[in-house]
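Enquirer: Sequence order for the protein chains is A and B.
Counting along the first sequence from 1, when you hit position 121 you're at 121 in the numbering used here, and nothing is skipped either side.
Each position in the second sequence, counted from 1, maps to that position plus 180 in the numbering used here.
FYI, nobody ran anything at the bench for these hints, they're computed from the structure.
Please note: incorrect hints may appear among the correct ones.
[Unchecked claim] Straight-line distance between alpha carbons at most 27 angstroms, and here's what the computed DSS-like set of lysine-lysine pairs gives:
(1) K53(A) - K247(B)
(2) K216(B) - K93(A)
(3) K250(B) - K164(A)
(4) K164(A) - K216(B)
(5) K93(A) - K215(B)
(6) K216(B) - K101(A)
[What the hints assert, rightly or not] If you want the footprint, here are the derived chain A segments under chain B, 3+ residues with CB under 8 angstroms:
(7) 34 to 40
(8) 47 to 57
(9) 160 to 168
Cβ atoms here follow ideal geometry from the backbone N, Cα and C, with glycine treated the same way.
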Amino acid sequence: MAEIVDIASTSGCDAVGGVYLAYATDASNITAVTVTSGVITGFTMAGVGQWGKLEFDDENNVAFFNETGELVGNTVRMNGEGLMQFSGISQAKITAANQAKACCSVVVIWFQNDGLKRVQGIDVAPDDSWSFSTPTGPRIVPNLNSDTGENEAIMQYNVPHQGKYGSPTTSLDGAAIEAL
Amino acid sequence: MDKYKLHPRYGSRKHLISNNEEGKAVNLCGSPVLKKYPATLDTDEWEETIPAATQKDLEFIYKSNTKDAKGFPIVIIDESEPTKAAASAKGSK
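Just chain B, same shape as in the assembly (with noise of 0.2 angstroms):
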């Protein structure tokens, strides 16, 4: 199974807010982020946190052909992860 990264480019990003699979959103950059909506006439100051992004929703991301203004994927195959079937190729030598 692959695994998935957010491309080197975006490395030193804090935030990139996407939405996953379930229309809910993630942080593409790893960590957890406090969402702090102000008070309005009808209701109080609230907040609440946006997960890190699994390796489902980066793969999510990746096969929804995510790219930049320039037209780089902003998602990529973390090559660094042997998958399972090259681990096992390479194990059965």
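Chain A extracted, bound-state conformation (with noise of 0.2 angstroms):
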């Protein structure tokens, strides 16, 4: 299904960048996935409370969620790379941490600061079949940094992954999230 679809212009200045919040889990929790024209409307977990809530320490908006393109050889693969960060070190963290880079993949859903929520882990072909994310799905690489005194400590998640697709959207909210 190759073609170029028409893109308008975007009216309006309020095109806000950034991402304030994400709900994350082991990839193997996933049992299936609901699409509908490319959005991913459900999840059908194999447990109950496995997505973690993280909400970021974000007042220098630093946190972001960005996918970039690559063309090797004849295929375009989509690198992604999400930056999540919060205040301060305690050991409550640290086990957090070491817990988190302990799955060997996760799905991240992150809600951008203009209302999109897209799930990073999750390949969703135009037919909308769907498959967790190929070559290389997401992994949680955190940072422990105490800084200088100028500045203050920070724990830092980063969430690379390399796609087939562009991540998809999802519509479900908050509220829907955590009732799983």
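Need the complex rebuilt from these two chains, each delivered in its own frame; the hints are there to steer you.
Expert: This is the structure we're talking about:
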């Protein structure tokens, strides 16, 4: 289904960037996914309470979820990278980071400041079939930085992945995700 | 009216949690599940029961085209249960 689709210019000037919240789960917790016209409208989980809510302490607006296309041979791969930042370091945060990095592959739902919610770690094909992102599912790579006395100590989660398609959106809101 | 059931490939599962049409969590495996919430700085520890999916919930999951990573549906029509139309047709013979 190769074609060039019309894209009209955007009116207004409120296309704000950035992300402020994420939910994440080990990819192995997801048993099934519902896709409607490219949008993820449901997850079926292997257990209860398996989505972690990650609220960023992000006064400096450093959090992001970016995807960059790359031509590899004769295919276009999408390289994704997300960054979330939390103020301060504690044993609880160190333990959380150690548990997060132990996940071999994760799925992350990024809440953008413009209202869009995007799902990193799931490739949705044009026919609405889905798979976990290949060739490389997302992993959480933590940083635990004391930084210098001029700045604050921070913990960061970097989340890189490589997929076949741009990360899809989801219609699920925070309440629906937390209900699972 | 068709009846719906979990696909037998997931028959040994105890938990398969999904949102129903109203956005509420339900267990597709047919039994209620206790969900516990740990205490936070603002709230005490608490728990709630996630109900078993009803036929209406299973129908919603089936019709919303929910599939596993291999592309198989997780909810199917229960062919062992004759539909009312089929039963009445059989009865009229």
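Enquirer: Against the structure, test the hints numbered earlier, and report the numbers of the ones violated in rising order.
Expert: 4, 9
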